[in-house]
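Student: Sequence:
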Amino acid sequence: MAQQENTKRTIKPNTKHSPKHGTASTTLRRTLRREAPSTVGLLVDEQDFAAMRRYRTFPFDDHAAYLHQVEGLLKSMTAQGMHTTVALFDPEDYAEFCAESGLDADTGASRSRFTAEIAAAGATIAYTGQRLTDLIPLLVSRAVRQATWEYATLLLADLGACADCGQDIGRAAFDRASHLLTRLLETAGPGTHHLVCSTPTDNDQLLAVLHTHRDATGPVRLDASEGAEFATVLAVAIALETPGGVVLRTSTPDSPDRVHGWRLTHGALAPLTAGEVFNAYCTDADTGEPVSPESGVEYCAGFDIGADPAEPHR
1 MAQQENTKRT IKPNTKHSPK HGTASTTLRR TLRREAPSTV GLLVDEQDFA AMRRYRTFPF
61 DDHAAYLHQV EGLLKSMTAQ GMHTTVALFD PEDYAEFCAE SGLDADTGAS RSRFTAEIAA
121 AGATIAYTGQ RLTDLIPLLV SRAVRQATWE YATLLLADLG ACADCGQDIG RAAFDRASHL
181 LTRLLETAGP GTHHLVCSTP TDNDQLLAVL HTHRDATGPV RLDASEGAEF ATVLAVAIAL
241 ETPGGVVLRT STPDSPDRVH GWRLTHGALA PLTAGEVFNA YCTDADTGEP VSPESGVEYC
301 AGFDIGADPA EPHR
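Going by this note's numbering, the sequence shown opens with residue 1, and the numbers climb by one from there.
Just so you know, these hints were derived from the structure itself, not from any lab.
Heads up, the beta-carbon is just placed ideally off N, CA and C, and yes, glycines get one too.
A couple of the hints might just be wrong.
As the list claims (entries may be wrong) - Under the rule of at most 25 Å between Cα atoms (straight-line distance), these lysine to aspartate or glutamate pairs were calculated in the DMTMM-like manner: (1) Lys75 / Asp45; (2) Lys75 / Asp90; (3) Lys75 / Asp62; (4) Lys75 / Asp48; (5) Lys75 / Asp134; (6) Lys75 / Asp61; (7) Lys75 / Glu46; (8) Lys75 / Glu117.
Stated by the list, open to error - Pairwise CB distance ranges, derived in the manner of DEER restraints: (9) Arg221 / Gly160: 34 to 40 Å; (10) His194 / Leu132: 24 to 30 Å; (11) Asp284 / Arg54: 34 to 40 Å; (12) Thr273 / Thr192: 23 to 29 Å; (13) Gly189 / Ala228: 21 to 27 Å.
Kindly generate the complete structure, drawing on both the sequences and the hints.
Tutor: Shown next, in the form of structure tokens:
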């Protein structure tokens, strides 16, 4: 009977919104929003900014004002407890991305999607309240490192396998480079070390930088991604047999900085003389003109890193 009566009763929908329920839902959404990471794509220079102005939906017409607004946005999101990263927004890459994806480049949604794509690649800097003038150089450096690593990795992958022995040439070169780097760090001793590896390619000069530290006791401490990038560039020099070189600068308390150098020869790091290190460090790479030596720096010969002999590629 009760069931029959209920079927005849007209049920009116509750159109009243509970204030308590609405407040709770809003609070939960805000909590979720704070836990959702955000990425801001940044146009770091006037040239990139000018390239984006051709899009009707891009709302800015002054780069300085744009940077001011971006900085305000970053501060606002950080104040809300949101984890925020900044990515380098490249207009040429953006246009190419939209063309390949079949997207309309003149929409905010496309810009947002592209920003998510570049963030996924990893070339970002976490915003922790620093000024944009301090963040931008770090961001550019990070993007250059990422591009260098990707290009060097592609070069190694394209080498394929040896036609005679079937060995993966790129993998073998990377393994050899990793061994050389390990031996160099082990024999460098304690201190704060700054290493630079450079090698020419057909299209560009590849450059990798690695920062490490080692106490009097204990292992070497380094950023794993920097180490991989350094080994990859060194591997390119090994695989292509190009004239690569490595420079090591070591800082220790109460002592002058020491600079050592090596040239890459047949898969091995051959020590440079003190004079060769001085000339390399005190010559402008672009003009070839001499540069004044730094005070408080000793230019030293490279040392034997005790690496295993290079195996000739069959």
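Student: Would the pair lysine 75 and aspartate 45 pass a check requiring their Cα atoms to be no farther apart than 25 Å?
Tutor: This hinted pair holds, its Cα atoms lying about 20 Å apart.
Student: Taking the Cβ atom of arginine 221 and the Cβ atom of glycine 160, is their distance within the range 34 to 40 Å?
Tutor: For arginine 221 and glycine 160 the Cβ distance comes to about 36 Å; the hint holds.
Student: Take the C-beta atom of aspartate 284 and the C-beta atom of arginine 54, compute their distance, and say whether it sits inside 34 to 40 Å.
Tutor: holds, 38 Å
Student: 21 to 27 Å was suggested as the range; check whether the CB atoms of glycine 189 and alanine 228 agree with it.
Tutor: holds, 23 Å
Student: Is the Cα-Cα distance between lysine 75 and glutamate 46 25 Å or less?
Tutor: holds, 22 Å
Student: Tell me if the beta carbons of histidine 194 and leucine 132 are separated by a distance inside 24 to 30 Å.
Tutor: The hint (24 to 30 Å, Cβ to Cβ) holds, given that histidine 194 and leucine 132 are roughly 26 Å apart.
Student: That 23 to 29 Å hint for threonine 273 and threonine 192 (C-beta), does it hold up?
Tutor: Distance hint for threonine 273, threonine 192 holds at roughly 25 Å.
Student: Verify the proposed pairing of lysine 75 with aspartate 61, using a straight-line Cα cut of 25 Å.
Tutor: holds, 22 Å
Student: Keeping to a limit of 25 Å between CA atoms, is the pair of lysine 75 and aspartate 134 held or broken?
Tutor: holds, 15 Å
Student: Please work out if lysine 75 and glutamate 117 have their alpha carbons no farther apart than 25 Å.
Tutor: holds, 23 Å
Student: For a C-alpha distance cap of 25 Å, please report whether lysine 75 and aspartate 90 respect it.
Tutor: With Cα atoms ~23 Å apart, lysine 75 and aspartate 90 stay inside 25 Å; holds.
Student: Is lysine 75 within 25 Å of aspartate 62, Cα to Cα?
Tutor: holds, 20 Å
Comparing the model with each earlier hint shows no violations; every hint is respected.
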